[in-house]
Amino acid sequence: MTAAVMTDRPAAYTPPAQYKLSTAGLLRSEWTKLWSLRSTWIVLLCAVVFSAGLGAIIASSVPDDQAIGGAASAIDFSMAGIALASVFIAVLGILTVTGEYSTGSIRSTMSAAPKRLSVLWAKAAVYGAVVAVLFGAMVFLTFFLTQAIFSGTGLGGVSLSDDGVLRALLGYTAMIVYLALLALGIGAILRNSAGSIGFYIGVIMILPQLATLLPWNWVTDVTPYAPGNVPNTLLMVDPAGATLSVGESWLWMGIWLVVTYGLAGVLLKRRDV
Amino acid sequence: MIEIEHLTKRYGKKTAVDDLTFAVKPGVVTGFLGPNGAGKSTTMRAVVGLDTPTSGLARVNGKHYSEFRSPLTEVGALLEAKSVHAGRSAYKHLLALARTHGIPKRRVTEVIDLVGLHEVAGKRVGGFSLGMGQRLGIAVALLGDPAVLILDEPVNGLDPDGVKWIRLLLKGLAAEGRTVFLSSHLMSELAQTAEHLVVIGQGRLLADTTVDAFVSGNGQARVRVVSPDAARLAEHLAGPGISVSSPERSVLEVTGTEAAVVGQTAAAHGLVLHELRTDRGSLEDAFMQLTADAVEYRQTTEGANR
Ligand SMILES: Nc1ncnc2c1ncn2[C@@H]1O[C@H](COP(=O)(O)OP(=O)(O)OP(=O)(O)O)[C@@H](O)[C@H]1O
Ligand SMILES: [Mg+2]
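Protein chains in written order, with full-length UniProt numbering: chain V, 1 to 273; chain D, 1 to 306.
None of these hints come from the bench; they were simulated from the model.
Quick caveat: nothing in here was measured; it's all calculated off a predicted structure.
Using N, Cα and C, we set each Cβ at its ideal position, and we do this for glycine too.
Don't take every hint at face value.
[Stated by the list, open to error] Partial list, computed: chain V residues near chain D (C-beta under 7 Å):
#: 1; residue: PRO15
#: 2; residue: SER29
#: 3; residue: THR32
#: 4; residue: PRO63
#: 5; residue: GLY104
#: 6; residue: SER105
#: 7; residue: SER108
#: 8; residue: ASP272
[Stated by the list, open to error] To list a few chain V residues with every Cβ distance to chain D over 10 Å, as calculated:
#: 9; residue: ALA17
#: 10; residue: VAL49
#: 11; residue: SER111
#: 12; residue: GLY157
#: 13; residue: SER159
#: 14; residue: ILE197
#: 15; residue: ASP221
#: 16; residue: TRP250
#: 17; residue: LEU267
[Said to hold, decoys possible] Lysine-lysine pairs mimicking DSS-like chemistry, simulated, CA-CA at most 30 Å apart:
#: 18; chain 1: V; residue 1: LYS115; chain 2: D; residue 2: LYS63
#: 19; chain 1: D; residue 1: LYS63; chain 2: V; residue 2: LYS20
#: 20; chain 1: V; residue 1: LYS20; chain 2: D; residue 2: LYS82
#: 21; chain 1: D; residue 1: LYS25; chain 2: V; residue 2: LYS20
#: 22; chain 1: D; residue 1: LYS63; chain 2: D; residue 2: LYS171
#: 23; chain 1: D; residue 1: LYS123; chain 2: D; residue 2: LYS82
#: 24; chain 1: V; residue 1: LYS269; chain 2: D; residue 2: LYS13
#: 25; chain 1: V; residue 1: LYS115; chain 2: D; residue 2: LYS82
#: 26; chain 1: D; residue 1: LYS123; chain 2: D; residue 2: LYS25
#: 27; chain 1: D; residue 1: LYS82; chain 2: D; residue 2: LYS63
Bound conformation, chain D alone (with noise of 0.2 Å):
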């Protein structure tokens, strides 16, 4: 369990998060989602104790991280940055982790062959691929077997095999009943993954909820028929609340009603139909919709056009 309590960060003028408080809970896979420069990476080092809150508190199973005895064993992070030495080998990298806490050599070769690294654990990490520096990130969070996981995006430059593998990895680690809080920029991916969603823009909550609840209720479902008899279905649909276009000929679009309403509606009155599916929203247009305000870096196509 994760708490974070009107949580503000400020770096000089700059506040990076803007009293939030949202709680991460354990079982399922927690997705934690926002544009670039969201937040996310801050609050996720404030629940380490590596950036101090400029007010309000993150607490992980009810302590501040530093009352732990043995923190390794209570959240294991993989943070946004390269947080090891270049000139280190993955394997002292972890059996120096290891050895604070009197972890055995056994348990670093376990998570080495764990994330796939065992042909590469004797070299130096400075030769590693962006994908190799995930997978040993990803070893030092499971290190100490943690009740909590706090990944900053962990598939960031993992190959499809990789992320497959992460995505089972977390589902299997939340069911045993740890809390697994990952962050991510793509929603699509999130959803794969994540049962429930923490969304943030600009520093501040943007909803808090489940992935369904949030597809559902972002991305608006449309009812997509064709029919020969188009028009005169369109005229029998019309009603408060609903509203129908035709981006083609026979074709219509038709929100704020169900399928089935439609199809009821065509056999009262006779009508031919040929198709008839609800679109759901696309994940990314309802989390663009959701941020659309809070987008702090805004490209232009403008000048590549050019």
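Chain V on its own, in the form it takes in the complex (with noise of 0.2 Å):
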């Protein structure tokens, strides 16, 4: 503590430099910490479970004079349970997010990535993918499953080749996808848990059905465009009906994520964390 050690100055340190913080880490990193919680593991399984089990229950309990209209009903019963699916992938996508700000793991993950719009498009892309992944083959094994269960009925007998089948499925995939990701952006944008999951129930499910009961008429052709319905053309086997074309649903879907992706990006750049 004497003049002279402070003259007695060792040489400036040199950090390491073979570590970089890249694209494809922040990748690897979202993807550690996703699967490192339990909450993740326990989520997907219910989500998993729901889907082909409600699926085949609900295919099981389809009563005989009620197994009729072919490929499209067949659809319909068999998909229910990947609907509700949804919820439990929507709620841990906005967990990603917000739990992060509720335990405070958020500082030292900005600290690692300090430009912060990377770790929103990193964590986006991982859970993304992921649930593509599953529900991709979730889709199909729930759509065999109860093709199994329909064999003989009148809602048997749907191949994938038959005419808008395959698209509809995918359709399923997309939308789930599509939540997952609006999800994601919302717990970006509202950092609470109960905030964001209260919103995206709320506003996002149930605000755009309620709406039709009101006796305005242009609630009704408002609502199809609404974030939590874009998504509905896709899953029909035949769209002829719907107010979106199939080229409209996924401009729309386009249009909302842009619209999330945006603010949530912009406040993550203003916000102090």
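Join the two chains, each given in its own frame, into one complex according to the hints.
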């Protein structure tokens, strides 16, 4: 603590040069984070069990007199569980972001990647990919499972090569990935678990349905464009009667994601962590 | 090297940091001192880019933190609040951070061993004690083997063994030429670790000096004399700038002069001395004296005594 020590300062320290922040690194990091939480395993397991299980239960309990209508009805019945599983997927998407804020781990995350935006993209990419792979498989598994149950009834004998069937099944996969990404973006905007889940269930899922009960015609005209409704056309074996065409459906999914992630990105840059 | 230039940070109406300017140099441990709410944590968060300054800037080695291509090897930070997901294990938390920079697993195990968390590395962090959480935070800070370390109250929650360990660790890291910047409320704690001091109060700079200069500058040295001839000695010592008081019979406390002068005066007049020593004002006194006007949350003892 003397002047002698002060002048005796050691040569400047050079940190290791081989480590660099990278996009690949951020993706691997988000992958590690996702799978190192027990909640991920539990929620995904629930989603998988629900989608296949509920599909199977519904399929086996359809009364024979309703077992008519061919491919469209067959897919509606068998995918009922997938639609419900999307709530689990959305909640987990929200938690991948809000969980970081509620526990404070976001501070570690953002000090490792201070440009911040790349973290949001990495989170969305990893979660979106996991959901796409998992539900890409689940949708087809559930389809074949329920077809086995339906065999011999009016709902059986539907083939992937039938008109619109493959597109509808891929539509279910696209919908669930879209909702997962939408929910994750909402989490990034609101930062709060309860608030984001409440917003998702209340505003994205329920509000457009309730709104159709209102006595004004214009409400029914706009509800198909609500963020939670835009994928609906993709789920149809025969989308001819839908307000949005298949192309418009994709377009609006894109618009809502751009709006959500645009807002999330701007807020992420501007707000303190 | 950390440079803070005219840093101001407001949260709504509350000014947490007010036009703060100082630099933290490499090679020595620099302490960051200030009463509760002084703005220490806010300043540290601004350095690692978590809080955006209202005005002014914080730079590390000449760059804004977000410009670094490998932030973890440039700056290692331990921030005030727990920055870990309670449901994740210590190992996975470190691994996730390491992966962003391509830091190998080997380094993760290395820092876990270094901070003594080997036994519990696989356990969920939610069950960690304050001290274990703090050790994990230190492991995070060391992960990238960084050139600059920013530690917000690192000894908080550590046992005496841990306190001693981190003191040596930080001195060692500084001796390697790194910049080490740590905050504390405890002057006595910092005096044992730090060589340089930055003191703030209510967001403003109060002192930027070496520990030695701080102590001698703020706590006034006092010479204590015990002599059977105290009264006569007091008469001989009296002079301009010198004040003599006698808290007990045959004890004198002299300020404004040195022990050597007192001894010589006594010898010159043939007075017997039983004791002669210099009392440095305590570090805590010096700190409190300096921040007396800048304490934000002042407690009273009245309620407690009722
Ligand atoms: N995110 C925030 N929002 C609003 N006010 C804040 C925020 N962070 C800090 N403050 C306020 O800014 C002031 C400085 O806080 P800071 O945490 O930097 O002090 P500190 O020196 O670290 O205190 P301590 O010694 O208690 O840790 C305090 O008055 C605090 O209430
Ligand atoms: Mg603090």
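Do the hints match the structure? See the list:
no., hint, result
1, PRO15, "holds, 4 Å"
2, SER29, "holds, 4 Å"
3, THR32, "holds, 4 Å"
4, PRO63, "violated, 45 Å"
5, GLY104, "holds, 5 Å"
6, SER105, "holds, 4 Å"
7, SER108, "holds, 4 Å"
8, ASP272, "holds, 4 Å"
9, ALA17, "violated, 8 Å"
10, VAL49, "holds, 21 Å"
11, SER111, "violated, 5 Å"
12, GLY157, "holds, 47 Å"
13, SER159, "holds, 44 Å"
14, ILE197, "holds, 17 Å"
15, ASP221, "holds, 42 Å"
16, TRP250, "holds, 33 Å"
17, LEU267, "holds, 13 Å"
18, V:LYS115 <-> D:LYS63, "holds, 14 Å"
19, D:LYS63 <-> V:LYS20, "holds, 16 Å"
20, V:LYS20 <-> D:LYS82, "holds, 25 Å"
21, D:LYS25 <-> V:LYS20, "holds, 25 Å"
22, D:LYS63 <-> D:LYS171, "holds, 25 Å"
23, D:LYS123 <-> D:LYS82, "holds, 16 Å"
24, V:LYS269 <-> D:LYS13, "holds, 22 Å"
25, V:LYS115 <-> D:LYS82, "holds, 21 Å"
26, D:LYS123 <-> D:LYS25, "violated, 38 Å"
27, D:LYS82 <-> D:LYS63, "holds, 27 Å"
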